[in-house]
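Chains as they are written, first to last, in the working numbering: chain A, 1 to 312; chain B, 1 to 331; chain C, 1 to 320.
In short, the hints are calculated from the structure, not lab data. One or more hints might be untrue.
[To be verified] Now the stretches of chain C that chain A is said to cover, found in silico as 3 or more residues with beta-carbon under 8 Å:
hint, region
1, 23 to 37
2, 42 to 56
3, 100 to 107
4, 195 to 208
5, 214 to 228
None of the values given here were measured: they were computed from a predicted structure. Glycine residues also receive a C-beta, built at the ideal position from the N, C-alpha and C atoms.
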Amino acid sequence: MTPPAPPLLEVRGCSRWYGPVIALNSMNLALGPGLTALVGPNGAGKSTLLRLLTGEIRPSAGRVLVLGEDPWNNPGLFRRVGYCPEQDALYEEMDAPGFVSYMMRLRGFDPAAARTRSEAALAACGLPAEAWGRKVGGYSKGMRQRVRIAQAVAHDPEVLFLDEPLTGLDPVGRRELRTLFRSLAERGTSILLSSHVLHEVEATTDRILLLHRSRLLAEGTVQEIRDLLDEHPRSVEVSCDRPRDLARSLLAHAAVEGVRVAGDGTIVVQSRDPAALYPAIVRTVVEEGHAVTRMESPDDDLEAVFRYLVRG
Amino acid sequence: MPILEQGYEPYRGPVGGGRGNFLAIAGAALRRNRRWYAWVLLLLSLLFGSAKEYFLVLACYVPRALGFTDDNPFFTAFANHPNLYPDMMATQTFWALVMAITVGAGEIAEDLRTGALVFYLGRPLTRLDYVLGKVVSVSVAVLLVTLLPTLLLFTVQAVFEGRWEWLAEHAAIPFAALGYSLLVSLFASGFVLGVGAVARRRRWATVASAAVLLGLWFTALVVAPPTGWTGSGMEERRIKQALAEARTEEETKAALKRLSDSLDPIGSASERAEWRALAPDSTLAACGRDLFGTPVPSNFPWKRHWVLALGVPLALLGVLWRRVRAVEIVS
Amino acid sequence: MDAPAPSPPPTDGSAPVVSLRGIGRDFGRVRALDGVTLDLPPGSVGLLGPNGAGKSTMLKILLGLLPPSRGEASVLGVDPVRDPRGVRRRVGYMPEVDAYITGLTGVESVSYAGVLSGLPRSAAMQRAHAVLHYVGLGEIRYRKVEEFSTGMRQRVRLAQALVHDPDLLFLDEPTNGLDPDGREEILEVIRDLSTRHGKRVVLCSHLLRDVERTCDHVVLLAAGRVARQGTMAEVRGGRKDFLRVRGRGESAGFEATLRAAGCSVARAGADLVVGVPGGAGTAPVFRAAAESGWDLRAVAPEEVSLEDVFVEAVASGNGA
């Protein structure tokens, strides 16, 4: 194993405002290799952060370092960084290999290398071969998205920024691209991708950055963030054959704050101490021999975490 | 008192058959075109399109009404000339086309850009409602420039004349004005909507149709410049001489009649008159003279102006009809 | 001027809302739809399919905007080929793409939509306000639609589809591009419409999770044909005797205990998929957790996600 590498991305006390409007407020953050998802409601500062990291705009205060360098006004850095912005902008008159190899030539590859790289990237992004000869202007949304991602990955960047890369794709395309991102991340690329579709984020990556009100609200793996929520009240739904008996037994435990019988054999158990609640449920079920069909917490997935943290 | 639900409520009121839908579409188009420059253009169109005739008529009747007994023969001759109204509408035609371009050229392009076509076609209406609505919206703008000032002037003149006989004698004028205005409306809306539908941006549609109009207009101007006179240069000199030498009132009147007879805003008397047909306003104005019952003497053969004035807009509306298909929406 | 009173929605709750018999449509030599026969039941139906599967062609046919090349269609008992206006009078269509008219405010564009659907002007205005409230657009409704954000425009489109109180709603990608909160709110509105207000909903979406949580029925199109259809439970199937298990902490001891009890254990991301011997239910899992002291957090029957069904159906459809 290699020794722990210095962070590929670093944001130090970074803020950005537009006139009186603040888009990003004293952000601190360091990212290594792997796939990190950037989530947050609209207007939380996701796009601003990506634009700072790609050198499109300059921080109003603080510093941004990508691969140890300041991205602002640093075209040299762009040979090592890939970026797929949210805006759907392509050269409509070019065909896909032409467009991607043009972007590669801008990054300093000679024509032959640009061509091979772009073709390899388009194939990896799953652009159907029969579309290669056609003009980009006539592509469907999914195909355009693939071209835009190919353009961002064709030069094997060390760091890759993707702003809402799956928008408009059909489920097959979404799955293919998620697999592509994961395999890129496994090869050591650092990927920062913003997304609104939380259950997909959950399936794609384990590391998230949650932005809210221009600040970093939570950072870590989904599991870590979920564990933090152990300190907060939650409810657990249990479906079983004798719900009222189970409810009565559970009420005897100190960890249980309340039980509601919800009908169709389901009870909702409320607690302020999840760490003590779950063992209590397990013990009761085993000791009294309830036939449980399902035990789940509606507060347990990323969407619930998001709702909890963002809505407060 | 019950606690009323704030959520979704069903609708139990009447539902119409949607037969007046094209009027609603026209209304929406007009409402969005109520911009400041449309009003400025309307003012300019009225000024350049109708001011001359208003001046002639007022200069003829106002002194009379104020009690100056001696009529000015010049104004009297012009104000009562059969070409007063057709010539006014000929000038208005150019401005009506400019107005139509400003108001209507971007309509379809804008609807294609913002997906308004999808909005419309998801409603219980047909392509015909849509196209008709747009035609009506352009037509209203055209009628503001052509029919409205013409009818107003006719009313003013009728009031000054104050005789039923006069009204009976000239009763055909409002009808001819209406017919001609409708013809111009059809031409203008077909022209701007058809040419404009080719573009996908309001600005380009406007530029394209303005370029086509001005291109045709200038080509006609260069190839077949209007002389301003139906007759030759000799005729012009003779009329001016007759005017200068006129001693009696009758002589003056006769000279003025000859003068206004030979005025030709359409350019039908130019050396290559057939090329005047290139300028849409001339072509339309020639139809207008037919409608007002004072056909241009040496005009285009076999009524070509009618073929153009009706054929071109219908063909261009056909372009629009193809462009507004459901196949392209709901993608 | 008023049409004969709109016929009430079919009183028989189970009559098909949309019924297609051998519907086909060609564009030149391309066969967009190839003999689709289906009955959409009342309630909410997810219409799924990859790009180019024929979903939009089908929507166009159902809205009476495009005649089919073959076959017969009926929407709420109305033939969309013979009476396209009649269909669109009773159907609300929320397009996927922006569909607004420049210069109109939010409330104006919704009431305009109502007027075009045959509502008297004043009724249209009242309904526009009520419906905009219902979809969650507040004071912003008095601003022009072109100034709206993506989410607000989506709400305006939904309000436009609802303003004439249609019996059937076609919603094309209603949650595309929304943030999680916005998406949840829109889905909540859709669920409310279908469960409490008796609206029949056809929902097209690429976000299968949204469909899973909103629809009772699924129709999956692939390559112009119906690849799968049925209730959500039928289509997703579920793997009998498999459980999805989630917990905290090191699970090696728990897994060993389970295996000793005759269960199979496989990892699936952060979760475990446990195969239990027939009929045992979740009992072995609870027992193993109690014995090994593992912090068990969730147990539920393992379900096949709609995405798995989708990807599999499309792959087999293309192979055929």
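Index of numbered hints that the structure contradicts, given in increasing order = Of the numbered hints given earlier, those the structure breaks are 1, 3, 5, listed in rising order.
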